[in-house]
Amino acid sequence: MELDPLILSRIQFAFVVSFHAIFPVFTIGLASFIATLEALGFVTKNPVWIKLSTFWTKVFAVVFGMGVVSGIVMSFQFGTNWSNFAQASANFLGPVLSYEVLTAFFLEAAFLGVLLFGRDKVPAGIHLLAAMMVALGTMISTFWILSANSWMHTPAGVDLRDGIFHVTSWAEALFNPSFPYRLLHMVVASFLTGSFVVAGVISAWYLLKGREVEANRKALSICLWFLLLIAPVQAVIGDFHGLNTLEHQPMKVAAMEGNWETSRNVPLLLFAIPDQQSQSNLFEVGIPGLASLILTHEWDGELPGLEEVAVEEQPPVAFVFWSFRVMVGLGLLMIAFAVAGLVLRPGGRYWRTNWFLQGLRFMSVAPFIAVLAGWFVTEAGRAPWLVYGMMTHAEGLTPSLTGGMALFTLIGYVVVYAVVFSAGLYYLMRVLYVGLEDHTESEEHDTRRPSRPFSAADVPFEFETAEAGNIGGSKPTGGL
Amino acid sequence: MEQWDLPLIWAFIIGFGVIMYVLMDGFDLGVGILFPFAPDEESRDVMMNTVAPVWDGNETWLVLGGAGLLAAFPMVYSIFLPALYIGVFLLLAGLIFRGIAFEFRFKANKSRFLWNWSFAGGSTIASLAQGAVVGAYIQGFETANGVYVGSALDWLTPFTVLTALGLLAGYALLGSTWLIMKTEGHLQEWAYRLTGPLLMAVLAVFAIISVWTPFVDDMVRDRWFSNLTVIWLLPVLSMAFAFLIFRSVRQRSEALPFVATMGLFISTYLGLVVSRWPYVVPPDYTLWDAASSPDSQLFLLIGLIFVIPVVLGYTAWTYWVFRGKVRAGEGYH
Numbered sequence: 091m092e093l094d095p096l097i098l099s100r101i102q103f104a105f106v107v108s109f110h111a112i113f114p115v116f117t118i119g120l121a122s123f124i125a126t127l128e129a130l131g132f133v134t135k136n137p138v139w140i141k142l143s144t145f146w147t148k149v150f151a152v153v154f155g156m157g158v159v160s161g162i163v164m165s166f167q168f169g170t171n172w173s174n175f176a177q178a179s180a181n182f183l184g185p186v187l188s189y190e191v192l193t194a195f196f197l198e199a200a201f202l203g204v205l206l207f208g209r210d211k212v213p214a215g216i217h218l219l220a221a222m223m224v225a226l227g228t229m230i231s232t233f234w235i236l237s238a239n240s241w242m243h244t245p246a247g248v249d250l251r252d253g254i255f256h257v258t259s260w261a262e263a264l265f266n267p268s269f270p271y272r273l274l275h276m277v278v279a280s281f282l283t284g285s286f287v288v289a290g291v292i293s294a295w296y297l298l299k300g301r302e303v304e305a306n307r308k309a310l311s312i313c314l315w316f317l318l319l320i321a322p323v324q325a326v327i328g329d330f331h332g333l334n335t336l337e338h339q340p341m342k343v344a345a346m347e348g349n350w351e352t353s354r355n356v357p358l359l360l361f362a363i364p365d366q367q368s369q370s371n372l373f374e375v376g377i378p379g380l381a382s383l384i385l386t387h388e389w390d391g392e393l394p395g396l397e398e399v400a401v402e403e404q405p406p407v408a409f410v411f412w413s414f415r416v417m418v419g420l421g422l423l424m425i426a427f428a429v430a431g432l433v434l435r436p437g438g439r440y441w442r443t444n445w446f447l448q449g450l451r452f453m454s455v456a457p458f459i460a461v462l463a464g465w466f467v468t469e470a471g472r473a474p475w476l477v478y479g480m481m482t483h484a485e486g487l488t489p490s491l492t493g494g495m496a497l498f499t500l501i502g503y504v505v506v507y508a509v510v511f512s513a514g515l516y517y518l519m520r521v522l523y524v525g526l527e528d529h530t531e532s533e534e535h536d537t538r539r540p541s542r543p544f545s546a547a548d549v550p551f552e553f554e555t556a557e558a559g560n561i562g563g564s565k566p567t568g569g570l
Numbered sequence: 019m020e021q022w023d024l025p026l027i028w029a030f031i032i033g034f035g036v037i038m039y040v041l042m043d044g045f046d047l048g049v050g051i052l053f054p055f056a057p058d059e060e061s062r063d064v065m066m067n068t069v070a071p072v073w074d075g076n077e078t079w080l081v082l083g084g085a086g087l088l089a090a091f092p093m094v095y096s097i098f099l100p101a102l103y104i105g106v107f108l109l110l111a112g113l114i115f116r117g118i119a120f121e122f123r124f125k126a127n128k129s130r131f132l133w134n135w136s137f138a139g140g141s142t143i144a145s146l147a148q149g150a151v152v153g154a155y156i157q158g159f160e161t162a163n164g165v166y167v168g169s170a171l172d173w174l175t176p177f178t179v180l181t182a183l184g185l186l187a188g189y190a191l192l193g194s195t196w197l198i199m200k201t202e203g204h205l206q207e208w209a210y211r212l213t214g215p216l217l218m219a220v221l222a223v224f225a226i227i228s229v230w231t232p233f234v235d236d237m238v239r240d241r242w243f244s245n246l247t248v249i250w251l252l253p254v255l256s257m258a259f260a261f262l263i264f265r266s267v268r269q270r271s272e273a274l275p276f277v278a279t280m281g282l283f284i285s286t287y288l289g290l291v292v293s294r295w296p297y298v299v300p301p302d303y304t305l306w307d308a309a310s311s312p313d314s315q316l317f318l319l320i321g322l323i324f325v326i327p328v329v330l331g332y333t334a335w336t337y338w339v340f341r342g343k344v345r346a347g348e349g350y351h
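Quick note, the sequences are listed as chains S and R, same order. The opening residue of the first sequence carries number 91 in the numbering used here; numbering runs sequentially from there. The opening residue of the second sequence carries number 19 in the numbering used here; numbering runs sequentially from there.
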C-alpha cells in the first residue's frame, strides 16, 4: 500500500494542534476567571474569593504547563511537514508567530511567577495586577495566533512573487477580513470553556458531594450569570462569522449547509447524509428556506452550491457538515443550561438541584468538543486550500517527505502524547480531588526559589491508599 | 533600512540564542545524562533540584530559536527541519519526556523509577539528536532551488554519530562541573571523579572530529589550511580551557571547572562558526540567501529589542535567587 504523506501530514497536524488547543482554550477563559476572583477579593476583602482564586490558580498552573509542552511541538510542525508553506509564508507568519512566543515569554517572565507564588510576598494590588496581566497576556497570544490563522483563510496585505508571499501592508495582513470575527468567536469560546469547566468541577466534586459548599456556590453563581450573558452572545457572533465566511469562502458555507446546487429558498438541513461521489445528499430532513433566511436574511435568498467548483476543489462535505452540526448542537445545549440556571435562580435552587448539577458535570466537556468541531469546520472547510485561493495543501507539503516518515512521526506523537498527557490529566484530577482544603501554605514555598508553573500545585502524584479508603473507592478518574 | 545589514544583525541574534541555549540547556541535559549513574537516590533528588528552577527557562531559548529562525531565515527553517525530520521528532519527544519528569518525579512515590527513566532517557536522546544536528550542519544538505531534496536518513552518517556522541559527552561534562559547583559532600566528590574521564572523552571525540571535518568538506579544509590565520587561536583557546578544567578539578576549585567548560564550549562553537561563515545552509546558501524580506526582519526586531532584555533580566534574577549550594532534603518540589 502506498502511504500518502499529504493525508498523513494533515492527520498529524490535526492531531497535534487539536491536542494542543484544548489547553489554551481552557487557560484563556480560566485566566480571566481568576482575574475576576482576584478583583472581587480585592474589592470586597472577603477571603472566600481568595480561597477560590488560590485553588483555580493551581489548576491553571498545571494546564498552562501542559499547554507549553505541547506548544513546543507546534513551533516545529510547519517546518517538518509543511516546509514549502513555511518558506512561502515566512515573511508574514514568521514574525507573527514569533510575536506570540515573545508575548508568552514576556508574560511568564514578568507576571506568571507573581501570580503563582507571590500572594504573600507582594502587596495585594500588585498581585491583582499580575492576575490581570496574565489574563491580558493570554488574550494577546490569542490575537497573534488567530491573526495568523485567519490570514490563511482570508489572505490580505500580501503579494505572491516567485512563490513567496511578500507583505505589502502589515495592517491589512494582520487585520485580514475574517480576523475580527474569528478572534471574537474564539475568545468567547474560551470564556464558555472556562465557565463550563469551573461549573462542572464545582458541581461534580463539591456541591454534589456537599464539600466546601459555601465558597463553591458563590463561584457557581458567578459562572451562571456570566454564561447567561455569553452563551447567547456566542450564537450571535457565530452568525456574523458565518456571514463573513459566506462572503469570502462560499464553498465552506455550502459544505456546512450540505448545499450542492446554487439555488434560492435553501432549506436548513437538520439531518442529511452528504455524498461527495454522487454530488448530492442521500437523505435529508430540513426546514424549507431557513438557510437562505439565516444567511441572506431573505426567505428566497440565493445561496451558492458546491457545484460551482470542480469536485477536487470541494472541501470534504460530510465531515464539515457534521462537525458544524455538532458545534451548533452543543452551543444550543449551552444556551439551554445557561437559561436553566436563571430559571433555577429563585431560592438558590441552582446549587441544590441534582439533575442540574449532574448535567453541568457532563457539560464541562461540551465546550472542548464544540471548539474542536468548530475548528474542524473551518480548517477542513478551507480544503483543498492551505492559503485560501493561493496555495493548496499539496503545494505546501514538504517535498522530501515520504509516507513512511510521516507515519512514523504520527505514531510517535500519538504515543508520546498518550503517555505524557494521561499523566498530566491524571494529576489534574488529583488536584481537583484534593480541592480547596489542602492549600495549607506549605513551608516549602520558600521565597528564594523562583518556581515554575507546575510547582504551583503541590498535590502528590499517586492516590494514597488511606485517602482512597476514606471516600469509598470513588476514584477521581470519572469524567471531568 | 537599506544601510543596515539586517540579516547580519539577525545572524548575531540567532547565533547568540544558539550558544545561550547550548550552555544553559546543556548543563541541565547533562545532569539528566548522568542521572542513572548517580551514587544513590538521595543524590538524584539533589541533582534534579539543582536544575529544576531553571530548566524550562533554559528551553525557552529553543522555542525562541525555532520561531526566530522561521521569521528571519525561513530557508534554514524549511531545509533543516525536513532534512532532520526523524531527528527533530526524537529531540522533541526527548525534551517532552524529561520536561514532564521534572514536574511529576517529586510528586510520585511508587512510580518514581519511571520518571527517573523518563528524565535520563529523554535527556540522553535530546542531547544525541542535537549533536547529530551539529554534524549534519557540518556535512551540508542536498538542496535544489532552496528546497531540501535528500532523503529521510541522509543526516545519519558515521560522522553525525560521532558528533552526537561528542555533544553527549560535552553536555555530561557541563553537567558534572555544574554539580561540582552546586553540590557538596559525596555527590560533589562523585562529580569531581567523573569530570576527568568525561573531559578525556570530550577531547578524544573533538580530536577525531577536528581531523575528520576537513575531509567532510573542502571549504572547511581551505579555510583552515590554505593560509595560517588567526582562526587557529580558537583551538588553542579550547586546549587552554581544557587544561584549566583539569587543573581546577585537581585543585578542587568549585566554580572554575564549570566556567572553564563554558569557555571550552564557546571557543569550540566559534571554531565551528568561522569554519562555515557565512554559510547557514552549507554548501550552497549564505545567511543573505536564506533571509526573509527586510521589512519582516525589521518588524520582529522591534519587538525583540523590548523583550530580550526582560528575558535576560529575568534569567539573571532566577540564577541569582537560586545561587549557592543545593542540599539534600531542601527542595524545590
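A portion of the hints provided could be inaccurate.
List of simulated lysine-lysine pairs, DSS-like, C-alpha gap at most 25 Å [claimed, not checked]:
1) S:LYS211 to R:LYS343
2) S:LYS211 to S:LYS135
3) R:LYS343 to R:LYS125
4) S:LYS308 to S:LYS135
5) S:LYS308 to S:LYS141
6) S:LYS141 to R:LYS343
Using C-beta positions, here's what the derived DEER-type ranges look like [as the list claims (entries may be wrong)]:
7) S:VAL416 to R:PHE34: 46 to 54 Å
8) S:THR492 to R:VAL234: 23 to 31 Å
9) R:ILE27 to S:VAL303: 36 to 44 Å
Worth flagging that the hints you see were computed from the coordinates, not collected in a lab. From the three backbone atoms N, C-alpha and C, an ideal C-beta is built for every residue, glycine too.
Verification of the hints:
{"no.": "1", "hint": "S:LYS211 to R:LYS343", "result": "holds, 24 Å"}
{"no.": "2", "hint": "S:LYS211 to S:LYS135", "result": "holds, 18 Å"}
{"no.": "3", "hint": "R:LYS343 to R:LYS125", "result": "holds, 23 Å"}
{"no.": "4", "hint": "S:LYS308 to S:LYS135", "result": "holds, 15 Å"}
{"no.": "5", "hint": "S:LYS308 to S:LYS141", "result": "holds, 12 Å"}
{"no.": "6", "hint": "S:LYS141 to R:LYS343", "result": "violated, 35 Å"}
{"no.": "7", "hint": "S:VAL416 to R:PHE34: 46 to 54 Å", "result": "holds, 48 Å"}
{"no.": "8", "hint": "S:THR492 to R:VAL234: 23 to 31 Å", "result": "holds, 26 Å"}
{"no.": "9", "hint": "R:ILE27 to S:VAL303: 36 to 44 Å", "result": "violated, 60 Å"}
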